[in-house]
Amino acid sequence: MTHRGVDMVVAILIIALGGLVMYDSYQVGIGWESGPQSGYFPFYIGMLMTLASVVTVVQATVGGSTETFVDWPSFRRVLTVFVPAALFVAAIPYIGIYVAGALFIAAFMTFVGKYQVWKGLAVGAALSVVFFLIFQKWFLIQLPIGPLERALGY
Amino acid sequence: MLDALGSLLQGFEIALTWHNLLLMMLGIVLGVLIGVLPGLGGANGVAILLPLTFSMSPTSAIIMLSCIYWGALFGGAITSVLFNIPGEPWSVATTFDGHPLAKKGRAGEALTAAFTGSFFGAFVAIILITFMSPLIAKFALQFGPPEFFAVYLLAFCSFVGMSKASPFKTITSMMLGFALACVGLDSVSGNLRLTFGSNELMRGFDFLVAVIGLFGIGEILLSMEEKLSFHGGSAKLNPKVVLQTWAELPRYWVTALRSAIIGCWMGVTPGGATPASFMSYGLAKRFSRNGNNFGKGEVEGVFAPEIAAHAAGTSAMLPMLTLGIPGSPTAAVLLGGLLIWGLQPGPMLFIEQKDFVWGFIASLYISNLVGLIVVLTTVPLFAAILRIPFTVIAPIIIVICAIGAFTVANAYFDIMLMLLFGAIGYVFKKLDYPLAPLVLALVLGKSAEAAFRQAMITGDGNLLVFFSNPLVATITMLAIVMLLWPLITNAIATLRGPPNVAGVAKGE
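Just so you know, the sequences run in chain order A and B.
Under our numbering, think of the first position of the first sequence as 1, with each following residue one higher.
Under our numbering, think of the first position of the second sequence as 1, with each following residue one higher.
I should point out that these hints are in silico values taken from the structure, not numbers from a laboratory.
We put the CB at the ideal spot given by N, CA and C, even for glycine.
Treat the hints with care, since some could be wrong.
[Said to hold, decoys possible] Computed list of lysine to aspartate or glutamate pairs in EDC-like fashion (alpha-carbon distance at most 20 Å, straight line): (1) LYS114/A / GLU225/B; (2) LYS446/B / ASP24/A; (3) LYS137/A / GLU149/A; (4) LYS430/B / ASP71/A; (5) LYS429/B / ASP71/A; (6) LYS138/B / GLU13/B; (7) LYS430/B / GLU33/A; (8) LYS164/B / ASP432/B.
[Said to hold, decoys possible] To be clear about the criterion: a stretch of chain B counts as covered by chain A if any three or more of its residues have a C-beta under 8 Å from a C-beta of chain A, and this derived list gives those stretches: (9) 166 to 179; (10) 245 to 258; (11) 404 to 415.
[Unchecked claim] Listed below are several chain B residues computed to face chain A (Cβ distance under 8 Å; list not exhaustive): (12) ASP3; (13) ILE220; (14) GLU449; (15) ARG453.
Please build the complete structure, drawing on both the sequences and the hints.
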């Protein structure tokens, strides 16, 4: 996709978002009753957002950069970090943040960093233990935990 | 003026406890670590660590947080000099001469110059804060809702006018921030807005989660795309080099003063630290005896931008404390923290919470000095950390960010939001949508809206309330001027006509 293509798509998405904001604000009320109603301020915010993005679309159409937004190898690198991160976040409610984090670090080091599996697991596990000690024990902050921690009595 | 000194001395009493000194050192070390690692950095680091300080007293908490901020400022200089990677946008100018010096084996000189410059710039700014803030606070007591909104308007218009990005994208970014701030309970009427029936959205968007996502995850995604690898110069910092450089620096006292003034001036206006560092580098190059050597490794070329950047970064606290207007995203996060602790920045803070304010200001002097010492002694350690490959650091940072996002409101939803903001941050950065206005609008949104609504009530729904007295009219006019600044400068340039080509050819 070209740079200006993405520019236009994002701007159009923002126009849609602005429209949504204006619509919802209108529902809440944009008039006056001994003071501006709740929707008054967000309505004009939405309008400004929409108008500014319309200009962006025009600017992109008329003079946007036709270079590629991102070439595949670079984007693949981005995905290599984003997808595992998303999996990590998705796993948290099931196995807790400490175990999920350990696995994430280990997997990343092994598959992306090309380290040996045991090194990845060692670093991941060690860091998780450190985080656990810092947050659970020292700061007394309860982070999402999973079956492993519960089995250990937490 | 004597008043201020007296309050300052009281403030020192409050700040100089062993507990606070320990927190300062911890804060600075954490801050440098954050500043040195990609994906963390000033605003994000403070955002992640903010919830951890909820158990401390507000004075101790903000001392530690501002030390983290300091540390991040210093840390940005380390990566700029050693690895040619600016840790923060305002460290970019430091790389111009800092890295060449490191490549020549003179990293110690460059680092000393950078750190000392930072110390000096910050010092000047702190003095400014000490004496100016009570004055501004007193002045601000005359402010009513229309005046406050006008000041917010000025801040936002300055961003639009001064930004290098397209003004329309800046406005869009800002409006997005405002829209996000409006989601949830309307504090005035109790109505739910923009929640679309979702329970999670009822809580509204917390700026901390947005900052962690946009600046933290977004930064990592960008770093992965650009495939950063660190090949740095070695970083030994022996005392002899430090002393030698210190002997050399006073020669550049004019540059130092000029850079400090530029920094203080620009830091007070929003969006200041980065342009301040570039401007002071450019001016130093023009006026220096060794101007032609800038870019090849001149100590002065490191000294100047660092002074300006730190002066700006510190003086950004001045409008934050006195008017409630943060001059930078990190100041915005600090402001958010103050609000969470129930401290309302602005003139009332100086009256109702004198202990807090002066304790904080006094701690700035101490932590600046402590910061300089800590950073001079621990540089090799941080340089070593940077040698850890990105594939190990990146997942660790992401886990830290996830923990940080969760601790804000104990909500898993926020971790997912963090990822979403991360993707948005990546796309926005690539499309040149500035992120700072978004964060500022998100932090200030509710206050700005409240001020606007109250002003409108006083003015009976008439926008002319913003011109109703000389003070508010001046500020509003200034805001409009700042908004149209690029148009104004273009118009002036066109009126002046094309430059005299022959004269230029002969003169240079």
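Going through the hints against the structure:
1. LYS114/A / GLU225/B: Cα-Cα ~18 Å, so holds.
2. LYS446/B / ASP24/A: 18 Å, holds
3. LYS137/A / GLU149/A: Measuring from Cα to Cα gives roughly 13 Å; hence the hint holds.
4. LYS430/B / ASP71/A: 13 Å, holds
5. LYS429/B / ASP71/A: Given pair LYS429/B, ASP71/A holds - Cα atoms ~16 Å apart, limit 20 Å.
6. LYS138/B / GLU13/B: Not OK: LYS138/B and GLU13/B at ~24 Å, beyond 20 Å, violated.
7. LYS430/B / GLU33/A: 43 Å, violated
8. LYS164/B / ASP432/B: Cα-Cα ~9 Å, so holds.
9. 166 to 179: Since three or more residues must qualify, the claim that chain A covers the segment 166 to 179 of chain B holds, with 9 doing so at under 8 Å.
10. 245 to 258: Per the Cβ count (0), the hint is violated.
11. 404 to 415: With 5 residues close enough to chain A, the hint holds.
12. ASP3: Nearest chain A Cβ about 39 Å off; hint violated.
13. ILE220: OK, holds: ILE220/B within 8 Å of chain A, min 6 Å.
14. GLU449: It holds, given that the least Cβ distance between GLU449/B and chain A is near 5 Å, below 8 Å.
15. ARG453: 5 Å, holds
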